[in-house]
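Colleague: If you want the building blocks of each chain, they are given just below.
Number of protein chains: 2
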Amino acid sequence: MKALKVGIIGFGTVGTGVYKVLQSFPNIEIKKIAVKNITKKRNIENFDTTLLTQDPYEIVNNPEIDIVIEVAGGVTPTFDILTAAIKNKKHIVTANKELLAKKGSELFQLAKENKVIILYEAAVAGGIPIIMPVKTILCANKITKIAAILNGTTNYILTKMAEKELSYETALKQAQELGYAETDPTGDVEGYDAAYKIAILSTISFNKKVDINKIYREGITKITAQDIKSAKELGYTIKLIAMGQVLENGKIDVRVHPMLVAKKHLLAKVKNATNSIMLTGYPVGDLIFTGAGAGAEPTASSVVGDLLVLASELEASDSPIPQAICNHNEIADQINIGDTYNEYYIAINASNNPGAIGVIGTICGKNNINISTIMQKGTKDDNTAEIVVITERSKEADVQNALKELLKSDCIKNIDNLLRVMN
Amino acid sequence: MKALKVGIIGFGTVGTGVYKVLQSFPNIEIKKIAVKNITKKRNIENFDTTLLTQDPYEIVNNPEIDIVIEVAGGVTPTFDILTAAIKNKKHIVTANKELLAKKGSELFQLAKENKVIILYEAAVAGGIPIIMPVKTILCANKITKIAAILNGTTNYILTKMAEKELSYETALKQAQELGYAETDPTGDVEGYDAAYKIAILSTISFNKKVDINKIYREGITKITAQDIKSAKELGYTIKLIAMGQVLENGKIDVRVHPMLVAKKHLLAKVKNATNSIMLTGYPVGDLIFTGAGAGAEPTASSVVGDLLVLASELEASDSPIPQAICNHNEIADQINIGDTYNEYYIAINASNNPGAIGVIGTICGKNNINISTIMQKGTKDDNTAEIVVITERSKEADVQNALKELLKSDCIKNIDNLLRVMN
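Top line first, the protein sequences correspond to chains A and B.
For the first sequence, this note's numbering gives the first residue as 548, with consecutive numbering after it.
For the second sequence, this note's numbering gives the first residue as 548, with consecutive numbering after it.
Wrong hints could be hidden among the right ones.
When chains are identical, the list treats them as one kind, so a pair holds in a single copy or across two.
In silico EDC-like cross-links for lysine to aspartate or glutamate, where the CA-CA straight-line distance does not exceed 20 angstroms [as the list claims (entries may be wrong)]: (1) LYS634 with GLU729; (2) LYS662 with GLU862; (3) LYS927 with ASP602; (4) LYS662 with ASP627; (5) LYS587 with ASP833.
Keep in mind that the hints were calculated from the coordinates and are not lab data.
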């Protein structure tokens, strides 16, 4: 392999992991590393601090550098920095899911015009090989469905809530103490991170540009210990699921929300910070990829993997990896959540009187919703009852209407939660 | 993509599947299909029978054909046919695990000399992407361990034995009736098929040529309903596991045998004809790939995937996919089964007297074997007792010695089974 010169932008956990892994590949020379704080102590043996700069443009404007590794994250100023790099004919390897979900089309178009490649295996599911397989060895397939656990933090929190019967707040606090969740956990617990990833993965799987702004997104902050307990009794576990599917009419349904997942489903068995992607296509059928979705080392596996593929191909040809080129010419026709069909779990707080079940049954029926299970979970001190309903496949808009009507009824005190169900 | 001309050798289930999938790719033109019996009725709409020939050399000697797809199987005469194809500068896409396991080195060397590529995603685990990911996106990793379910037939039989408490013979018969097992099931149930696959996968994962003849191989024919029942009571399920690992001393341990797999292990949850590969490497950690390991459509996904990658790369360059080139320069130093260390399940038929347990304990102790569990499974009509022992990690040679000694003891009637354990 011919020697390649790279610059690294961002030198946090992932950047440091990439640096360490690259020490085993003498043909890859790190020319420069752009950091926020040049004086910060780095925990690396024999580290040459003259590699560091605070100016990323020293990398993207450096004519000696062939490939820019971007592991800084964020859109501003990263978009401008990578735009400059691409215009300077540098190939890009990035782990930046937010940037690709929000600005991917512009970057890929620019890359095409400048005949460079952007590789981003690390942007989705950390160390799990999914982007490259979808673009290469699976390319004979028409992929029609993805259902995935793409956020390790929320899966960790939900696992601990289930295993130790913790509240969301307590599980989050423990996850923060152990470094699984950030001080401001919004990006993870509200589903933003999973939404960026499913936007990227759906786009390459369905060959249509999925708009991040049209992805329905719901986090895990409203999941209660009671929801997890009820789900367990019904044979389910609760997971934050990122899904994408091509409907029979060609429309695309992409969303992120918690789901009750049947215990026998392989995704239900994915615990702690592990990620897992189930992909359905013709002719391959169902495939499941499971592994570490974050962390310095697994992410470095994907970043350096992309880099070595690029290096190897650049050796053979000046226009490498035709299959890695992203075109976002066709725009996905994404449907609204109201138009989706799902099975539902509805947790209802009702007056403890025999009429409540009747009211629920009547209002559901009026809104075309068939109930498959109804379970009363005892009574509370305030003489209300917790009632859990599982519905057959129903239209979301009908369910939302039913919930509004239920709330108008005297005997219904509150809708405690509405979750979708995967069997 | 430029138009490519291909010939297909072999037109059974997989060949027909490949033909059907290729109908969606107008840039791939099928020039010729070599079959055993040209007059056999083919169940394909609007099939052009003039494509058929009984002479595969009409394909490999045809100057118009760029790529040969070989899905005929076997070593004779396939090796000679593919040798001729490579000498005629044709790229090869093959699903032939036996040929690659037995003659891979020679074929890859010849391909290198003739500057052609051999791709073989379909040879291991059917539709699951594993060969291409290991060679491309995972290439930053030092892979140290593979543990896999690579044979769908045996996993189906073992699943049915466990679920329906069937004997091996009954489960095999049912699998044959349903088409999951062949009339002569030897290749599957004696572990040959899994051994070919783990030879190929270990070779590319460890970057050292693994000799198929040095792989310890044991099938599932001796597994009894009682073994499965005992395993279940101890928290295990029995699977045919193909494994490969790099030991600390650099030696390579590759083998195929049934194992008791702890119920919480993800491989224990893989049911019926599904395949699953667990791969451990640095920096990626543990990855698990699960999907259909056989069948016309999943296998066609891999064959056509290889073909499209090759086509796409040939368009960009005359020397495509540098990473796909196999070199078998370094030979793996494979250890014998006697030198491996494992935990063991030993099923012993003993006289129903109090001395038996003592004899077992004494002989195990003398041979450096620590027992972690011992369980007597009631008594039989002939006044013998079934005793099941689970050992701590012990050397295989020590265990074999202990079994010989046990058999010499008056109170030990028989060693009913010896299986290895994966926790």
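Colleague: Tell me the hint numbers this structure goes against, listed in increasing order.
Modeller: Of the numbered hints, 1, 3 and 5 do not hold.
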